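The chain contents come next:
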Amino acid sequence: MEENKSPSFQNTLGMVPGSVVYVGKKHSGDLYVDVFDYDKNFFDEKELDQIEEAYPYIDSKPITWININGLNHTEAIEKLGTHCNLHPLILEDIANTEQRPKIEEYQEYLFVVLKMLYFDENNKLSIEHISFVLGDGYVISFQEADGDVFESIRNRIRYSKGRIRSMGADYLLYVLMDAVVDNYFNIIEVMGDKIEELEDDLFEEQSNDDITHEIQRLKKEILKIRRAIFPLREVVNKLDKSEHQLIDKKTRLYLRDLYDHILQVHENVEIYREMIWGLMDMYMTTISNKMNEVMKVLTIIATIFIPLTFIAGVYGMNFENIPELHYEYGYYILWVVMFVIFFGLLFYFKRKKWL
Amino acid sequence: MEENKSPSFQNTLGMVPGSVVYVGKKHSGDLYVDVFDYDKNFFDEKELDQIEEAYPYIDSKPITWININGLNHTEAIEKLGTHCNLHPLILEDIANTEQRPKIEEYQEYLFVVLKMLYFDENNKLSIEHISFVLGDGYVISFQEADGDVFESIRNRIRYSKGRIRSMGADYLLYVLMDAVVDNYFNIIEVMGDKIEELEDDLFEEQSNDDITHEIQRLKKEILKIRRAIFPLREVVNKLDKSEHQLIDKKTRLYLRDLYDHILQVHENVEIYREMIWGLMDMYMTTISNKMNEVMKVLTIIATIFIPLTFIAGVYGMNFENIPELHYEYGYYILWVVMFVIFFGLLFYFKRKKWL
Amino acid sequence: MEENKSPSFQNTLGMVPGSVVYVGKKHSGDLYVDVFDYDKNFFDEKELDQIEEAYPYIDSKPITWININGLNHTEAIEKLGTHCNLHPLILEDIANTEQRPKIEEYQEYLFVVLKMLYFDENNKLSIEHISFVLGDGYVISFQEADGDVFESIRNRIRYSKGRIRSMGADYLLYVLMDAVVDNYFNIIEVMGDKIEELEDDLFEEQSNDDITHEIQRLKKEILKIRRAIFPLREVVNKLDKSEHQLIDKKTRLYLRDLYDHILQVHENVEIYREMIWGLMDMYMTTISNKMNEVMKVLTIIATIFIPLTFIAGVYGMNFENIPELHYEYGYYILWVVMFVIFFGLLFYFKRKKWL
Amino acid sequence: MEENKSPSFQNTLGMVPGSVVYVGKKHSGDLYVDVFDYDKNFFDEKELDQIEEAYPYIDSKPITWININGLNHTEAIEKLGTHCNLHPLILEDIANTEQRPKIEEYQEYLFVVLKMLYFDENNKLSIEHISFVLGDGYVISFQEADGDVFESIRNRIRYSKGRIRSMGADYLLYVLMDAVVDNYFNIIEVMGDKIEELEDDLFEEQSNDDITHEIQRLKKEILKIRRAIFPLREVVNKLDKSEHQLIDKKTRLYLRDLYDHILQVHENVEIYREMIWGLMDMYMTTISNKMNEVMKVLTIIATIFIPLTFIAGVYGMNFENIPELHYEYGYYILWVVMFVIFFGLLFYFKRKKWL
Amino acid sequence: MEENKSPSFQNTLGMVPGSVVYVGKKHSGDLYVDVFDYDKNFFDEKELDQIEEAYPYIDSKPITWININGLNHTEAIEKLGTHCNLHPLILEDIANTEQRPKIEEYQEYLFVVLKMLYFDENNKLSIEHISFVLGDGYVISFQEADGDVFESIRNRIRYSKGRIRSMGADYLLYVLMDAVVDNYFNIIEVMGDKIEELEDDLFEEQSNDDITHEIQRLKKEILKIRRAIFPLREVVNKLDKSEHQLIDKKTRLYLRDLYDHILQVHENVEIYREMIWGLMDMYMTTISNKMNEVMKVLTIIATIFIPLTFIAGVYGMNFENIPELHYEYGYYILWVVMFVIFFGLLFYFKRKKWL
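Protein chains in written order, with this note's numbering: chain A, 1 to 355; chain B, 1 to 355; chain C, 1 to 355; chain D, 1 to 355; chain E, 1 to 355.
One chain only, chain A, in its complex shape:
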């Protein structure tokens, strides 16, 4: 989870390139490794204690999916990397949760970095770093912490639902990536709801500074989501275009479909972004509208009563010779005059549509 970048940046400064350093924050206590080993007719699922126990599965024939939770266990990652002959820079990227989504093609394997997005219990966006290594007959997935979006895939393998058991490791990689991307739609949907909520708040009475804060918070979230999602377009496109021997021709069709989904996410993110930016303008006009209303009330009251008060003031003067004061009905006539002024001004404001 890369909520706060400060400590992580610090940790890697001045490091030897290729150093495997975990810069995230979510230190899951134990290393968690589980293995799915399967082909069309065979299926085995194991939870391992030691990373070394995974080696025979990788080397054996059936398709193997090894899922590792806990990027803070860097020695285990390094051991596995050595066994699978992974380049040191790859191991660095697996542990470096700051790494942006990317794909790297090596002779013997493919390396993909993605970001899983969640909204946590406080409705705050949290980002989990996830990497995949696709080798000959195996996929290894490295997750920062427990909890993922792969449960339905596990069930598909377990109960042999769909094509998955009859396809290769490249299809498994596709399916895993697809699950990550599908989950983005959830995220986008929550963003959409948040925007709509805020829009409603704008037109109701709410404490004002909160709204500015909330808009700013949404802006930051959408920018984070963009940063996590946008490089994906290039990643999947590269994967689709790549001539790597590990990617089967049949899988390519599915990758194109995945690319389509990413474009869709892309578009939605852009639309929501524009809408969030628009919220600030809306808010501004709402404030101005309210001020306008306040001003009108003040103006109406002041404009009506200031002249009347002046008149009252005139006849409160102590000149010896003010003839009106001595008329018997002077007081009543004055009330009539003041009523005329009062209703005349009301009528004027009515015509000006201020009332």
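Keep in mind the hints are simulated off the structure, nothing from the lab.
Computed from a predicted model, the values in this text were never measured in an experiment.
What you were told as hints is all true, and nothing was included just to trick you.
Which copy is meant is left open, so a pair is good if it fits within one copy or across any two.
Taking lysine-lysine and the BS3-like style, the derived pairs with C-alpha atoms no more than 27 Å apart in a straight line are:
id, residue 1, residue 2
1, Lys161, Lys250
2, Lys250, Lys102
3, Lys353, Lys194
4, Lys249, Lys79
5, Lys40, Lys79
6, Lys250, Lys79
7, Lys79, Lys161
8, Lys194, Lys224
9, Lys238, Lys250
10, Lys161, Lys40
11, Lys40, Lys250
12, Lys124, Lys102
13, Lys102, Lys241
14, Lys102, Lys220
15, Lys40, Lys61
16, Lys46, Lys61
17, Lys249, Lys61
18, Lys238, Lys249
Assemble the complex: chain A is given as a structure, and chains B, C, D and E must be docked to it using the hints.
Just chains B, C, D and E, lined up with the frame of chain A:
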């Protein structure tokens, strides 16, 4: 109709890729299938009860157009897909109303996804998902629901108007796509009218929050329209450039023309978009102008009467020795003074162009 | 003239592609056809009654320029199209005033669509659709209505000024296009004047809503101009790059020059566009400045007289025991106090630079 | 100097293409021609009376630089053009001060158009049109008027400073262009100073409309600078990439360096542009801040004295039975009450941070 | 340090191209040269007095890193340049602190210009110009002044940490560039902190003009950072793509990784840029909110007391015949009436949510 995305996103999460799931909302009761079978000299039109009845038409020689309404009848779509040998991902895209416009070229057929746009009875934009499969001698169109923009095409086939009966299935696909795109001009026109209406409202007296709301609504609509229309550019361009054997050279000229129309729609959408964004600024200045006017009225009234009231207050004081009070014409002189002040200030405001 | 798009869009919906339908508004009564037939040593100018009379000129050897005014005479256009072997889609584009600028290359001819821009007597922008067909030894120009920018070209041909008489039909096409583009500089200049005028208005006293309206009108005009001019860049570039046998190598140099002019128009349009958008901001600050000034006047008056009025009020109270009232010079002392307050506040505002 | 485009646009409308028409404004009285003739060991500098006197220099072997001031002497330009075999369109571009920067490659020569920028004595931006013709062993520069940025180059040739005397005419062209580009840094610097000055003004007390005007003026200047500078990037890139035999391989390194400088100018212009646009926002917030301050003063004064005045008014009423009026210390008690209210409100505003 | 560009621009105007002129400001007293000479088994570190002492190291076999601090010692740079056969334009770029980041490939060496960014003790951004020359077996780094980000690299060489001692000079170049880029993350982080601080300030009570100033300052800083960082993308990409024989294939993988880091910096800069621009809007709404609040207070007070004051004024009039004045409880009744008005208005404002 993809008004509200929430339920649809949910439905497909964790699905096996290639699953044919209808995620739209408009559940037309029955499946509706009709067939147009024609060539230069022959014409037949049928409404079918079962999807299986369509097979002989597809396999027969004359050009066949099969139109299917009701994407919720996924089993029928799957059956037809199996008969025509369509890839599972295609079937998924036919039923997935969230799919953005695209074109997919397969060995034996072309697959095109478009969006039909309508304004419904409440003047709300609604989007209908439509897909076309162009095979050897046939076009199948899949519509979400009843009602389309193809009536004039049906008549052209029925009464052999224009070139349509003497051209191939690729020309039919062009004509169908052209009808969808032509309809966009209607949509754009309605948007133009809405913008003009709103502009007029801005300069008249209207309840204010409604206008902000209305502008926000227009923004969302134009963004939706963009999302539906923009990928089309690439779709038609790809279709035009494609070397697929199903597209005749003669039809290519028409596709280029279609591309031209799409560019035109494109430009108009962009212009209207800029104008809608400009509305917010206009609205803001309008509010500010009104506030300015309100402020001026207040200022004029207050500035005139506050000094006068002060003078009246002065001669309302009860000092024993205020010589002015004992002048015989003191009261009248004071009125003169106050009139001078009154008209002096009026003249000052006049010169400042506040009146 | 495509002022109002509504009727035109409607007219073409559901039409057979390639239908020649005039969708403009300016119905010039009669068809007007005139012919310039010339080469280095020969010159003939005729006004024709029937479109058929033009055929011999087209087929004859000297360079022929046929100018046709009145796109509503669609039958005549169709007849000529048949004689020159023009594709139906071309004829549709000639009559369709909504068609954006473009170039189409066919085996035997080139087809170019442009827009002529005018400011009419009410200073409103009006757009005229104009198309050119360049064939072997002839140019046909189709104008919506009478009145064009070609008078100087006619004189150059008549009096054999410059190179025109010794060059081919491709040079004639260049010269005609150049005249259209040159005229854009006039249009841009008028826009520049309008912007400057509006800027001046902003700083003088003017009825406010008019300015917002005027800015919005300018925005629309510049967007229309952009739409008419921007596709031209691609048109001339394509023409320059094209290897079509009808374009002589010598003419290409002139086309490059034309391209240069279009870039220049382009740049100016963009600059004026930015300036028009900036006007809204300027206007906003101007309003705010005025409000600020109004507020200051109110604040100064109110802030000075409200305390004074309070003091007068105090000594207008009827308490039995107010010793000040009985001082012989109490009244005069109070005046002194009030003057001190008055000038003290004036001095305060002076120091705050409000005066 | 192309300050005001109106007359110039008019002058060229309807002209035969290739006409040499000077459209600028700065009519230097006499034609001014001077010649630098040099090679490694030889140097000659002459001021010529007649353009024809330049011919032998051009045709002779040593490197020749002919500088011509006074584009209004179009006949002289045409004569020289004929001698050097220049294309009529080139001659048109030399005299047409509206021509944007460009490069044209011909078989026997290269033609480059640039803009020299100055701030004149009133600190107004003025643009001078300058063109270069690079032929075999000579460079001809055409300037609109006297005064240029080449003095240091003249000295380098005179006193054989640096490489210039031992390099070819292509290097001379580079050196001249480099001088023009170097001068842009001065221009940019002045713009930077103007922006900073304006920023300072924003925070001090200044007459307001002037600032809006000034910002608008800066916007126009930066747009003009952009228009003069931006095409240069392409010009130098083209020159660098060109395979023209007149450009030596050794000079290419210097051209790449020149390209670098242009990029740097480019970046600075863009940054200043963003900053100027930002000034408007800054100004807006400054106005709002001031209004806020004004409002606070008004509110504080009004809010304190209005209730006090009300109280004084109450005890100024003439009811027969107002017991408070008869208390001996009523008046003093009231003063105490009013002081309490006064300081209570002051304290309230203090806590609200309005004071 | 290129804080203020004015003097530097001036210095180079009119210079002979290829002149080695230091235009920076930080004149470190003495030239500082130190040498690291190493291979897998050998290590030597020396501080040199004369630039000439470095020659044997460069010519010897082990990898040599020569670091030079003090660009104002231009003669030393020229001497070294002559020894290493560097092009004069390269020497000019080494000393010209205005030079933007770039890479130049020559036959025998590679030349890279970067910018080191620091925040100095006043938290002001300062930029240091740094260039690298990669030759056969050596890297020379030219720094403007003392102090750099290479300390950890020195230790890695000294204590043979990581791969560095067993790799070539190209890897050393990579490591040095990597250190510069890694440091950018620190800079970005500080920018992030500053933005957050400013955001917090916005919602608290602060002197207003400072915030506008501060936002403007941040804008300028982020623009400077962009200018320093953005060209890097192209630099590293070119280095990665280059087929230069000095770059080993193994090092290329590391360069790709460096490219990745630069993209990440890039993205962060863009995000912070958007956020800084957003701050201005936030500030604007904050001001408006405050003004709205001020207005409400004024309106409430004025609206309540103006009518009450009017009533008091009425009964302060001196008409002979005002019957109410003679009622025994008139005064008390009036108080009741005034309380009713008072609380009625309070209730009205409560319902309007102004309180």
